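Q: Sequence:
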Amino acid sequence: MSQPAPLAAAPAFDEAWFAARAQPGVQRLKAYDPGHDLVALRRQYGEAHLVELGSNENPYGPSPAARAAILDSLHALHRYPDPLGGDLKRALARTHGVEVGQILLGNGSHELLMQLGQVFAGPGEEVVFSRYGFAVFALSTQAAGARMRIVEALPREAAMPCGHDLDAIAAAVGADTKLVYVANPNNPTGTWFGRDALVAFLDKIPAHVIVVMDEAYAEMADAPDYASALSVLDRYPNVAVTRTFSKAYGLAGLRVGYLIAQPGLIAVMDRLRESFNVNGPALAACEAALGDEDHLRWACARNAEQRSALAEALARRGLRVFPSQTNFVLVEFGARTPQVEAALVARGVILRPMGGYGLADCIRISVGSADENRRLLAALDEVLA
Numbered sequence: 001m002s003q004p005a006p007l008a009a010a011p012a013f014d015e016a017w018f019a020a021r022a023q024p025g026v027q028r029l030k031a032y033d034p035g036h037d038l039v040a041l042r043r044q045y046g047e048a049h050l051v052e053l054g055s056n057e058n059p060y061g062p063s064p065a066a067r068a069a070i071l072d073s074l075h076a077l078h079r080y081p082d083p084l085g086g087d088l089k090r091a092l093a094r095t096h097g098v099e100v101g102q103i104l105l106g107n108g109s110h111e112l113l114m115q116l117g118q119v120f121a122g123p124g125e126e127v128v129f130s131r132y133g134f135a136v137f138a139l140s141t142q143a144a145g146a147r148m149r150i151v152e153a154l155p156r157e158a159a160m161p162c163g164h165d166l167d168a169i170a171a172a173v174g175a176d177t178k179l180v181y182v183a184n185p186n187n188p189t190g191t192w193f194g195r196d197a198l199v200a201f202l203d204k205i206p207a208h209v210i211v212v213m214d215e216a217y218a219e220m221a222d223a224p225d226y227a228s229a230l231s232v233l234d235r236y237p238n239v240a241v242t243r244t245f246s247k248a249y250g251l252a253g254l255r256v257g258y259l260i261a262q263p264g265l266i267a268v269m270d271r272l273r274e275s276f277n278v279n280g281p282a283l284a285a286c287e288a289a290l291g292d293e294d295h296l297r298w299a300c301a302r303n304a305e306q307r308s309a310l311a312e313a314l315a316r317r318g319l320r321v322f323p324s325q326t327n328f329v330l331v332e333f334g335a336r337t338p339q340v341e342a343a344l345v346a347r348g349v350i351l352r353p354m355g356g357y358g359l360a361d362c363i364r365i366s367v368g369s370a371d372e373n374r375r376l377l378a379a380l381d382e383v384l385a
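With the UniProt record's numbering, the residue at position 304 of the sequence shown is 304, and numbering never jumps.
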């Protein structure tokens, strides 16, 4: 008498089991790493004693008008927000001198960058970006199932160390290229390029390839040669620009970004936009923040002052500081980087190590307030002694 076939082992239903059933692009992804468990660290050190300089936040916070707008919006929390974000779009259109139909709102510019890959790239197609470019560029490409074409950055000896080699990026564009991602200024290096370089680069890109210029830190750039891609948008209809309210406007906790491009591109992107993707208090706060230009100028001026002072103080301590037009500086610590970063965390100072970007000997330091920077430098002096 034959023996019954053994029962098949029950599936483990663990991460590996589900990953095997995900689409190939997702199988290659890693979950976002925030660097540190800030909630746990706040409990450990007390929020007032923790120096948080790891996430490139605005230490001065949002405009008082934005705070007031949030409070004024609370009576309507039981209602869905405006699904079109019409008032905020009109305010953005006035601010940037574009049409309302050229604007798409997102739950942070992260959502929009991911959506661009999903809409315009896919399996068998290619997306080009620079090494040391913003981490979301790789996430967007892989999630869409497209191929990454990572172009080597400028050498550390260059005037813009580890910055974008625009000629090399343009040369890497091929028959399968659908998107090119460029950040100006760039995160995590802080480097930038000027108008002449921007125009020369865009002239080399075929019109059928979409160039996404991520300008999360544009408001903080005060170099004479810096120019936003918004200034040449009419000349290059294949260019799309992403911006955010998380940095200069001090509204990181509300997660609002926006995309400016040709109306046709916006219309296609809008097909995949999640409904009610920007909440009501966020819409109200961002519109109010746009109306308070004095606060924006004040915050950016304070950032420029503290950025310069912090860079000079770090350089006096024998550290190499990369040039920056953002609200952070990239600092080279060499082989001792892990030990320095761990010792600073132990003293309640939170920075961002850059090993995940392939810059294991560097730490990114957000520009804090004068007091935060003073506390950072005091802790650093103890560690380096």
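Simulated from the structure, these hints should not be mistaken for laboratory data.
Note that the structure is predicted; figures quoted are calculated from it, not measured.
Please note: incorrect hints may appear among the correct ones.
[Stated by the list, open to error] Beta-carbon label-pair distances, calculated as ranges: (1) G61 / D37: 19 to 29 Å; (2) S231 / Q339: 21 to 31 Å; (3) A343 / L84: 27 to 37 Å; (4) A301 / D176: 17 to 27 Å; (5) A171 / R42: 38 to 48 Å.
Positions of the beta carbon are idealized from the N, C-alpha and C atoms, including for glycine.
Q: Quick check on a hinted range of 19 to 29 Å for G61 and D37, using CB atoms only.
A: holds, 23 Å
Q: Go ahead and decide if the range 38 to 48 Å is satisfied by the Cβ distance of A171 to R42.
A: holds, 47 Å
Q: Honestly, do S231 and Q339 meet the 21 to 31 Å range at C-beta?
A: violated, 44 Å
Q: Honestly, do A343 and L84 meet the 27 to 37 Å range at C-beta?
A: Distance hint for A343, L84 is violated at roughly 50 Å.
Q: Does the beta carbon distance between A301 and D176 stay inside 17 to 27 Å, or does it fall outside?
A: The hinted range 17 to 27 Å is violated for A301 and D176, with Cβ atoms some 45 Å apart.
Violated hints, listed in ascending order, are 2, 3 and 4; each of the other numbered hints is respected by the structure.
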